[in-house]
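Protein chains: 2
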Amino acid sequence: MQNQDLIIKMVINNWNLQVGRATALIDQIGHVEIYKEVSPGKNRGIYILGHLVAYHDLIPEILGTGERSLPHLFEPFIKNPDNLDAQIPAYSEIRTYFDQVHSELLVHFDKLSLTDWFSRHEAMTDEDFEKDPSRNKLNVLINRISHFAYHLGQLRLLK
Amino acid sequence: MQNQDLIIKMVINNWNLQVGRATALIDQIGHVEIYKEVSPGKNRGIYILGHLVAYHDLIPEILGTGERSLPHLFEPFIKNPDNLDAQIPAYSEIRTYFDQVHSELLVHFDKLSLTDWFSRHEAMTDEDFEKDPSRNKLNVLINRISHFAYHLGQLRLLK
Numbered sequence: 001m002q003n004q005d006l007i008i009k010m011v012i013n014n015w016n017l018q019v020g021r022a023t024a025l026i027d028q029i030g031h032v033e034i035y036k037e038v039s040p041g042k043n044r045g046i047y048i049l050g051h052l053v054a055y056h057d058l059i060p061e062i063l064g065t066g067e068r069s070l071p072h073l074f075e076p077f078i079k080n081p082d083n084l085d086a087q088i089p090a091y092s093e094i095r096t097y098f099d100q101v102h103s104e105l106l107v108h109f110d111k112l113s114l115t116d117w118f119s120r121h122e123a124m125t126d127e128d129f130e131k132d133p134s135r136n137k138l139n140v141l142i143n144r145i146s147h148f149a150y151h152l153g154q155l156r157l158l159k
Numbered sequence: 001m002q003n004q005d006l007i008i009k010m011v012i013n014n015w016n017l018q019v020g021r022a023t024a025l026i027d028q029i030g031h032v033e034i035y036k037e038v039s040p041g042k043n044r045g046i047y048i049l050g051h052l053v054a055y056h057d058l059i060p061e062i063l064g065t066g067e068r069s070l071p072h073l074f075e076p077f078i079k080n081p082d083n084l085d086a087q088i089p090a091y092s093e094i095r096t097y098f099d100q101v102h103s104e105l106l107v108h109f110d111k112l113s114l115t116d117w118f119s120r121h122e123a124m125t126d127e128d129f130e131k132d133p134s135r136n137k138l139n140v141l142i143n144r145i146s147h148f149a150y151h152l153g154q155l156r157l158l159k
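One line per chain: the protein sequences are D and H, in this order.
The first sequence: position 12 = 12 (our numbering), numbered continuously.
The second sequence: position 5 = 5 (our numbering), numbered continuously.
Isolated chain D (complex conformation) (with noise of 0.2 Å):
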């Protein structure tokens, strides 16, 4: 296997392992306590899970291979904080999106070869890739996993 092959594998992998991680924590963590803060006046572990669901669910469109499939929890989970009024989906509905999102992406990474991964990501012009090549959709991919294990730790708080 070629280095740049093998690249997107390690990246791919560690993605999974946040995946797989999160989910044996999640299920750790039970529908009662993700009500809780994971600290005092902090995020609840539901608005965590939400936000996590959400923000990868805007993956692909950033990716170029499709759109989003739950457009309606962008306003709770990414436009708003954290807030007991707010109407948010039920824990198991959130726990469903979790899966159905986390697989839909495997599909969406496998779409991409790899001159696309080394391409411009679409919240960027041509000029700015130009003058930066490294912000390609790899490196999305890069971001988003340290976005994820950074609210893992979090979520770890609340087993």
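No wet-lab data here; the hints were simulated from the structure.
It should be emphasised that the depicted structure is a prediction, and the values quoted were computed from it without experimental measurement.
Just a few of them, taken from the derived set where beta-carbon distance is under 10 Å, the chain H residues facing chain D:
id : residue
1  : Asn3
2  : Ile8
3  : Lys42
Subject to a maximum C-alpha distance of 20 Å in a straight line, what follows is the list of computed DMTMM-like cross-link-like pairs (lysine to aspartate or glutamate):
id : chain 1 : residue 1 : chain 2 : residue 2
4  : D       : Lys42     : H       : Glu37
5  : H       : Lys131    : D       : Asp5
6  : D       : Lys42     : H       : Glu33
7  : D       : Lys159    : H       : Glu37
Heads up, the beta-carbon is just placed ideally off N, CA and C, and yes, glycines get one too.
Position chain H against the provided structure of chain D, taking the given hints into account.
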């Protein structure tokens, strides 16, 4: 720039992004709040900070570029869990180590050629590496990035 060089640059950039965010965050938290638990009954900020320093101090060994500089941090921050009775260095000392470890790491990263980054890391055998060439030095750094972000998500709760 070739894609292979580019990907190494991307991973190191992402590492530096975490270092930058961590530095800003720690200084916002300050020397008083850092001694609080990130959530009741969980690790104190000072422990997480010491853990990051001690863990990153080991990176040159796994990359094969040098030895740890702060062996006395292994016991309190890696081998053992957080413990109020443990003798740990003062915040000011750990804060200095934090900068030191991260500037030294950049020198270590610079020592590695493209081929080195794709070679096996020092914590595995040649045989295992042949079976799975994704377990290379670059992969170590990708893993350390998500570990870093995971703990930053926790430290963030002290802000």
